[in-house]
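Peer 1: Chains as they are written, first to last, in the numbering used here: chain A, 1 to 135; chain B, 1001 to 1511.
If you're looking for bench data, these hints aren't it; they were derived computationally from the structure. Don't take each hint at face value.
[What the hints assert, rightly or not] The calculated DSSO-like cross-link candidates involving lysine-lysine, where the alpha carbons are at most 30 Å apart (straight line), are: (1) B:1359 with A:111; (2) B:1100 with B:1359; (3) B:1359 with A:50; (4) A:125 with A:82; (5) B:1359 with A:53; (6) A:50 with A:125.
[As the list claims (entries may be wrong)] Which residues of chain A face chain B? A partial, calculated answer using Cβ under 10 Å: (7) 92; (8) 96; (9) 103.
The structure displayed is predicted, hence computed values, not measured ones. Backbone N, C-alpha and C define an ideal beta-carbon position, used for all residues, glycine too.
Below are the chains, spelled out letter by letter.
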Amino acid sequence: MSKTIAGGKARAVQVKGTKGSKAVKGNAGKEAVPDFNAIEASAGFRELMKKKKAFLVPVTVLFLGLYLLFNIIISYTNWLDKPFIGDISWVWVFAFSLFAMTWILVTIYMKRAEKFDEMAKDTLKEFNYDKEENR
Amino acid sequence: MNATVIIIFLIIVAMTLVITYFAAKRTNTTSDFYTAGGGLTGWQNGMAIAGDYLSAASFLGIAGSIALFGFDGFLFSIGYLVAYLVVLFVVAEPLRNLGKFTLADMINARFDAKKVRGAAALSSITIVIFYMIAQLVGAGALIQLLFGIEYIWAVLLVGVMMTIYVLFGGMTATSWVQIIKAVLLMVGTVILSFLVLQRFDFSILEMFAQVKTATPHGEAFLNPGVRYKIPMDTISLMLALVLGTAGLPHILMRFFTVRDAKTARSSVMWATWIVGIFYVMTIFLGFGAAAFVGSDLIIATNPAGNMAAPLLAQALGGDILMSFISAVAFATILAVVAGLVLSGASAFAHDIYGQIIKKGKATERQQMLAARYASVGVAAFSILLAIFAQSLNVAFLVSLAFCIAASANLPVIVYTIFWKKFNTTGAVTAIFTGLISALVLVSISPSVMNPEAGAAIITGTPIFPLTNPAIVSIPLGFIGGVVGTLLSKEVDIKKYAEVKVRANTGGFRQL
């Protein structure tokens, strides 16, 4: 463990060596491999995946949908060519709302992801894998 | 070419070479070479992603397109920006959690098979080559115009310089060149935008009103339809842009330069803000060029409009600003091409040589040598192709690279992370269906076959009607993965629990 920290940058070979012993301690199994099936089946991990999906699936459908809708509308119709203010037509408004959407969704996700990180950390803690591997 | 241009140009080049010198001293291992030791911070990597992304095509090309075609020129920017949501939500974190140096590493976290690694390396190399030829052809034309030297020397100049950065400084130098270039590019664009807005008394409404009278398109300039007239073609192209970014090897590679998924995420956030703000400012550049330079002069200097931004700089700020913008454009090209060389070289040296030929048993010294030879090889090969590809349309090559990235790389990334039953046969068929369908459809499309003699490589009626095949080839890539998975009797679900846990928790990273 200390080797990895001393190295500063996590080098593959070193981590692998130290992880083996760590895994045995945290895991009742005979192999030096963590029991991924157990983690995957755990309530904490299931909850994390559920929360992640509940956020990512609708949001992805929404932003890809709006983006495609915009392209379909401007390609097949003239609906957005009408003026908004002065010479600025609705097409610019829609285009900028897609820019704004991108920035807003990125910011929201940054907040959400902190919670996901928290949940992931708790799950790994449960299985005693919360030390240097969890970086 | 005047003295100011040369001096500013030399200062920027010297600055980047100093970085390369210091980076070279710190580049001892393959990890340093490919990923800058994995130690970049969120804002550093975010700036570097923006640096990688804002190529000459974005800076000079989009400004020029807006100047000539109005809203249609701006259309590309929307796809390029929204694409970051796909990167953030789908690929950034799992990629950092599962991978080490390349995309193939990430897929191999689940399927430890040479054929999968080979297929992924092949599609990455194909994308890099197309993207790189586009950049070099653009660079050649630009340097030729800016400094009045011949095309072939211009390409060689850029080619040799980028090889120096990559060869000696690896990812550390490349990243810092990109960061500096991103800062310079933003500064230059802010100054130009300010000068343009000043001329319109800082009124956006006034700008729209005046630019309408300044262009030959009149009212139509401010609405879509000036440039892109075939609806299905536009939609196909926009699909390639939004889904392609998440499969571009040189962008994906940037997620290996940070230490964890959290930093990968914050780099995407930084990149999204920088790239987005930049694209907003391209409107001022484009409208400014249309109003104060005029489309006649822009077209006369370069038919594709690539010189709109430098010409605007000259019109508003004289020779000094023009020199600065030109030098920034040169730094832009260098940085982007250096990033591309590095991602191509990593696919060759790490995946094909290190993992497939040497079966992962090469010594650190052998790997470093292979990486450096591969960098020189990729660079030389692209320079050679670029010299012969002078007449090819740059925008077409870039959109083709995006199309292959979306059709060949994205499906396999998505399935690897999200689909339990996905297996090695599925991975190989997904990559090859996407790659081959994109290439074949393009080669029978109007971009390659045109009834008008001389307009494209082959004279004849195109068999496939769309210039960008993304709308067909992306679904084919996804379907290919499903068909391959279901047809083979392999069952690979055992490893999926591990991949799922590692991708989503960030634990057990280097197992």
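Peer 1: Now, for every hint given, state plainly whether the structure supports it.
Peer 2: We went through each hint and held it up to the structure:
For the hint linking residue 1359 (chain B) to residue 111 (chain A), the alpha-carbon distance of about 42 Å lies beyond 30 Å, and the restraint is violated. The straight-line distance between the Cα atoms of residue 1100 (chain B) and residue 1359 (chain B) is roughly 16 Å, inside the 30 Å bound, and the hint therefore holds. Restraint check for residue 1359 (chain B) and residue 50 (chain A): not satisfied, since their Cα atoms lie roughly 38 Å apart, outside the 30 Å limit. Taking the CA atoms of residue 125 (chain A) and residue 82 (chain A), the gap is about 57 Å. The hint is violated against a cut of 30 Å.
Distance hint between residue 1359 (chain B) and residue 53 (chain A) is unfulfilled; the C-alpha atoms sit about 37 Å from each other, more than 30 Å. For the suggested pair residue 50 (chain A) and residue 125 (chain A), the alpha carbons sit about 19 Å apart, so the restraint of at most 30 Å is met. Taking 10 Å as the C-beta contact cut-off toward chain B, the hint placing residue 92 (chain A) at the interface holds, the least distance being around 7 Å. A distance limit of 10 Å between C-beta atoms decides the matter here; for residue 96 (chain A) the minimum to chain B is near 8 Å, and the interface restraint holds.
Taken as an interface hint, residue 103 (chain A) checks out: its beta carbon lies about 6 Å from the nearest beta carbon of chain B, inside 10 Å.
When held up to the earlier numbered hints, the structure conflicts with 1, 3, 4, 5 and fits the remainder.
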